[in-house]
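Working from the sequences, and respecting the hints, build out all of it.
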Amino acid sequence: MDLSLESALTSAGDPPEQAGRIAGRSLEEWNAAYAKVESYFHALRVRNKVLLGRLVIHVLKRAMRRAPGEPQRSATELAAEEMDRVVTDWFAQVLQEPPTGTDQMLSTRGRLALLLVDMPGKWQEQFLRPGPWPEAFVSSMRKAYLLAGPDFQLAKMTPRPMHLGPITTLANFSRLPAARMVAAWVGFTLALVLFFLFTHHRP
Amino acid sequence: MPPAAPETAPAPRADSSPPLKIVPALPASRWLRIFFFFSSALLLTGFVSMLFADLLWRTGWSASRTILLILFILLFAFSAIGCMHGVFGFFLRLFGDKSRLTQMCDYATRSIAGTSTAIICPIYNEDVVRVYEGLRVTFESLERTGQLERFDFFILSDSTDPDKWVEEERRWYDLIRELGALGRIYYRRRVSNEGKKSGNVHDFLSTWGRRYRYFIVVDADSVMRGEMIVDLVKLMESAPAIGLIQTMPALVNAESLFGRLQQFANRLYAPVFIAGLNYWSRGVGNYWGHNAIIRTEPFMEYCDLPHLPGRRPFGGQILSHDFVEAALMLRENWQVWLAYDLEGSYEEAPQGVIENAQRDRRWCQGNLQHGLVLFVRGLRGASRMHLLQGIFGYVAGPLWLLFLITFCWMWGFQKFTGLSNITVHGFTPYLNLSGTEHALLVFAICMAVLLLPKALALADLARDRERQRAYGGLGRATASTVAETFFSTLHAPLQMLWHTQFVVSNLLGRSVNWASQKRAADGTAWTYAARRHWGHVLIGLFWGGFIWWLEPSTFLWFAPVFLGMVFSVPFSVFSSRSSLGARTRAAGLFLTPEETSPPPELDTLRVRMAAMSGAGETAVGERDWGLAEIVLDPYVNAIHVSLLREKQLNPNYAESLARLGVGQPEVRVLGAKLLAGGPEALKQEEKVLVMSDADTMSWLHRQIWLRPGGTLSPWWQAAIRHHAR
Numbered sequence: 001m002d003l004s005l006e007s008a009l010t011s012a013g014d015p016p017e018q019a020g021r022i023a024g025r026s027l028e029e030w031n032a033a034y035a036k037v038e039s040y041f042h043a044l045r046v047r048n049k050v051l052l053g054r055l056v057i058h059v060l061k062r063a064m065r066r067a068p069g070e071p072q073r074s075a076t077e078l079a080a081e082e083m084d085r086v087v088t089d090w091f092a093q094v095l096q097e098p099p100t101g102t103d104q105m106l107s108t109r110g111r112l113a114l115l116l117v118d119m120p121g122k123w124q125e126q127f128l129r130p131g132p133w134p135e136a137f138v139s140s141m142r143k144a145y146l147l148a149g150p151d152f153q154l155a156k157m158t159p160r161p162m163h164l165g166p167i168t169t170l171a172n173f174s175r176l177p178a179a180r181m182v183a184a185w186v187g188f189t190l191a192l193v194l195f196f197l198f199t200h201h202r203p
Numbered sequence: 001m002p003p004a005a006p007e008t009a010p011a012p013r014a015d016s017s018p019p020l021k022i023v024p025a026l027p028a029s030r031w032l033r034i035f036f037f038f039s040s041a042l043l044l045t046g047f048v049s050m051l052f053a054d055l056l057w058r059t060g061w062s063a064s065r066t067i068l069l070i071l072f073i074l075l076f077a078f079s080a081i082g083c084m085h086g087v088f089g090f091f092l093r094l095f096g097d098k099s100r101l102t103q104m105c106d107y108a109t110r111s112i113a114g115t116s117t118a119i120i121c122p123i124y125n126e127d128v129v130r131v132y133e134g135l136r137v138t139f140e141s142l143e144r145t146g147q148l149e150r151f152d153f154f155i156l157s158d159s160t161d162p163d164k165w166v167e168e169e170r171r172w173y174d175l176i177r178e179l180g181a182l183g184r185i186y187y188r189r190r191v192s193n194e195g196k197k198s199g200n201v202h203d204f205l206s207t208w209g210r211r212y213r214y215f216i217v218v219d220a221d222s223v224m225r226g227e228m229i230v231d232l233v234k235l236m237e238s239a240p241a242i243g244l245i246q247t248m249p250a251l252v253n254a255e256s257l258f259g260r261l262q263q264f265a266n267r268l269y270a271p272v273f274i275a276g277l278n279y280w281s282r283g284v285g286n287y288w289g290h291n292a293i294i295r296t297e298p299f300m301e302y303c304d305l306p307h308l309p310g311r312r313p314f315g316g317q318i319l320s321h322d323f324v325e326a327a328l329m330l331r332e333n334w335q336v337w338l339a340y341d342l343e344g345s346y347e348e349a350p351q352g353v354i355e356n357a358q359r360d361r362r363w364c365q366g367n368l369q370h371g372l373v374l375f376v377r378g379l380r381g382a383s384r385m386h387l388l389q390g391i392f393g394y395v396a397g398p399l400w401l402l403f404l405i406t407f408c409w410m411w412g413f414q415k416f417t418g419l420s421n422i423t424v425h426g427f428t429p430y431l432n433l434s435g436t437e438h439a440l441l442v443f444a445i446c447m448a449v450l451l452l453p454k455a456l457a458l459a460d461l462a463r464d465r466e467r468q469r470a471y472g473g474l475g476r477a478t479a480s481t482v483a484e485t486f487f488s489t490l491h492a493p494l495q496m497l498w499h500t501q502f503v504v505s506n507l508l509g510r511s512v513n514w515a516s517q518k519r520a521a522d523g524t525a526w527t528y529a530a531r532r533h534w535g536h537v538l539i540g541l542f543w544g545g546f547i548w549w550l551e552p553s554t555f556l557w558f559a560p561v562f563l564g565m566v567f568s569v570p571f572s573v574f575s576s577r578s579s580l581g582a583r584t585r586a587a588g589l590f591l592t593p594e595e596t597s598p599p600p601e602l603d604t605l606r607v608r609m610a611a612m613s614g615a616g617e618t619a620v621g622e623r624d625w626g627l628a629e630i631v632l633d634p635y636v637n638a639i640h641v642s643l644l645r646e647k648q649l650n651p652n653y654a655e656s657l658a659r660l661g662v663g664q665p666e667v668r669v670l671g672a673k674l675l676a677g678g679p680e681a682l683k684q685e686e687k688v689l690v691m692s693d694a695d696t697m698s699w700l701h702r703q704i705w706l707r708p709g710g711t712l713s714p715w716w717q718a719a720i721r722h723h724a725r
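Protein sequences, first through last, are from chains Z and R.
First residue of the first sequence: 1, per my numbering; consecutive thereafter.
First residue of the second sequence: 1, per my numbering; consecutive thereafter.
Be a bit skeptical, because a hint or two may be false.
Stated by the list, open to error - Computed list of lysine-lysine pairs in DSBU-like fashion (alpha-carbon distance at most 30 Å, straight line): (1) Z:K122 with Z:K143; (2) Z:K156 with R:K234; (3) R:K673 with Z:K156; (4) Z:K122 with Z:K49; (5) R:K454 with R:K415; (6) R:K683 with R:K234.
If you are wondering where the hints come from, they were derived from the structure by calculation, not from laboratory data.
Right, dumping it as structure tokens:
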């Protein structure tokens with residue numbers, strides 16, 4: 001069966017396209033959008049090329065459906081938004097947490113969970129797939145938590161007083177604004193005395 | 001980062017037993033040993049100082065001779081103490097040292113059940129790969145003992161470099177994933193690095209200290225064997241009056257000629273020296289800042305360091321905190337021991353003359369600052385001795401220089417005035433020595449005091465065939481000792497000049513800042529060495545010329561002093577080369593037990609470091625690559641944001657973050673600026689601020705993938721292209 005590119009990307013109810021254009025955008029524009037979405041899934045370590053291709057097409061199709069209604073926005077912009085939405089909605093379903101729209105907490109938690117359960121190694125085929133998912137996968141995703149330290153057990157350490165003895169006087173002397181100047185004069189005087197002593201000794 | 005699931009482990013348990021109620025007490029017989037040891041050094045100093053004073057008196061007394069004698073007494077006393085460490089250590093090892101902690105405690109069968117120990121590794125912009133690989137081998141070694149569950153590891157970062165910060169977090173995750181150590185190896189980065197290393201440890205103790213009965217401090221270049229760590233806990237359990245046990249880290253993994261020389265000297269001479277040190281300091285020992293186990297409760301109670309009064313460099317925060325912490329433990333009667341015979345404590349040393357001086361520069365200020373602590377009320381006499389020796393280690397440089405200058409002054413003055421040297425009889429006429437013979441006798445004694453410990457270390461080696469093999473045989477060890485002595489003779493004048501520079505700068509309230517060096521493929525670059533040493537070369541040429549003008553026949557006597565200076569550039573460059581280190585190793589020179597028969601921990605470390613280097617993991621990335629990774633990579637970003645959110649749960653950190661400006665709208669503005677202008681648009685502290693804000697970091701990750709390329713700076717567009725590959 002012959003399957004054209006357009007048929008892969010468009011649905012049956014979609015309006016017919018001009019040659020070299022999809023959803024009112026040029027092929028170059030969709031190519032750039034494809035690259036962007038692919039890059040992100042690549043960054044999520046989706047290594048299986050068939051799966052990767054399917055996920056990208058899934059996102060692009062959603063972007064293409066929006067494209068005719070938003071002519072001022074580029075294909076890449078629409079595809080990136082759809083990618084973000086698809087991934088966040090999927091996290092919400094798997095983790096059973098509603099997306100809040102502006103807060104990226106869910107996205108962070110979802111990505112961390114993917115890493116901790118080893119999605120790229122063990123559960124690649126479950127990524128962005130609609131439920132139901134295997135119990136082991138869902139349970140690991142929901143329990144995944146990165147422990148950077150044990151529970152805090154806060155304590156206050158207080159330095160004990162340290163009496164510096166005779167050094168206190170010296171330390172206080174160094175606080176005087178003219179201390180360095182006085183020290184320089186004393187040093188100069190000492191140098192003179194030493195020079196005199198050195199040059200006036202009896203053999 | 002190839003992801004794989006880390007085994008999740010339960011949160012570590014808190015120490016299961018109640019706080020110890022111990023009444024600590026210092027060993028009662030310590031005074032006799034201290035008196036005996038230092039009296040020996042004083043007797044020797046007194047005898048030789050009399051000889052020297054007599055020599056000076058024979059040519060007519062003068063003010064300059066008074067100064068020369070005072071300097072001689074100070075320098076000789078310091079050398080005599082060193083020599084006595086060697087002599088006492090040699091005889092103790094010969095007849096059996098029964099004052100070792102391991103001999104005095106019945107610890108081998110002691111259970112450590114119910115204890116909890118934290119192994120903490122404070123780091124500051126370190127080579128992350130090396131730090132983590134060192135921790136990995138220590139962790140694996142501890143795991144093999146079957147006692148891992150009693151220990152937790154903490155990587156305590158104070159890093160200020162954003163790229164290092166990212167690398168530390170990323171590699172920490174890799175480490176816990178590969179070792180299955182989630183909930184066993186923790187990572188924490190402080191918001192501000194106030195108080196430097198001691199502040200870092202203080203922060204750990206304030207946050208988690210009460211969970212652990214003991215903590216072990218390791219350095220970025222440390223490796224510790226599992227059995228030794230367990231033994232340290234057993235020793236602490238066996239002797240409740242002990243507050244701190246310091247191990248004797250062996251220098252390892254050196255590749256350059258300089259590094260191998262230091263390593264050889266450390267391994268061959270240290271056993272004898274340390275046995276001598278342990279003789280007088282048993283129970284009232286010292287702390288060297290790492291590879292030591294500490295009882296948490298008294299440390300938290302007594303060892304929080306106050307700021308010293310006065311201005312920098314002496315006032316303010318105590319930089320070399322370790323000596324002072326040991327002194328404060330002792331002040332409260334908690335014993336401090338040196339477990340020098342426990343094998344399995346390792347560290348690395350600088351690989352070049354200049355790196356060595358850079359480290360000395362840092363340590364110098366800290367040690368000079370101890371001058372203020374020296375007279376603190378209530379300190380033990382032994383603590384004052386430790387502090388004094390630390391100070392003198394740096395002050396000896398300028399004193400030696402003054403000694404040489406005074407001597408040349410006297411000599412030059414005599415030549416200038418044309419006065420002849422009329423030698424009279426000394427008050428030691430029964431020796432019946434001419435002036436020259438008298439001078440030679442003093443010189444010979446000085447040389448003997450300096451070289452005797454090395455000879456005794458060789459004699460100590462000659463008693464043990466197995467140890468000889470570890471050093472490549474007695475013949476090679478002897479040849480190596482001779483070569484090391486020649487090398488250290490050339491190196492000593494450079495140390496003298498550097499220490500003088502550091503001490504004078506510190507006294508004037510200035511710090512000596514050096515730009516980090518650009519290393520050549522194999523060690524120190526010629527241009528860098530020339531920049532660091534040109535002053536030494538000039539001083540050497542001038543001084544050598546002056547001596548030649550004074551008396552060509554005595555030029556050779558002074559040659560060791562000038563040669564090191566005049567040839568400091570090639571000396572520094574060649575000694576830093578790994579190729580020369582490898583050649584000397586192939587020739588069987590400067591071998592150490594860890595080279596001839598590496599312990600499994602060091603072997604694994606070497607293999608893994610070579611593999612990491614081969615895979616390009618140790619290469620330094622381009623500037624801001626960490627920032628690119630943390631914004632672009634979905635996983636690295638998630639780890640970072642999670643760690644920041646966890647940090648917010650600690651009220652102390654939350655307060656520090658708020659002080660930094662985290663959560664303010666300005667941070668989001670900086671984030672937008674970062675996207676539009678690239679990393680160049682922000683200053684380093686602005687990058688750190690952005691990276692400290694969890695919401696902004698999440699937002700940046702989303703924006704970088706959502707925004708059309710045209711709205712991002714070319715730097716980010718290139719970073720995305722690079723990341724996609």
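Could you check the structure against the hints above and give me the numbers of any it violates, in ascending order? Per hint list: 3, 5 and 6 violated.
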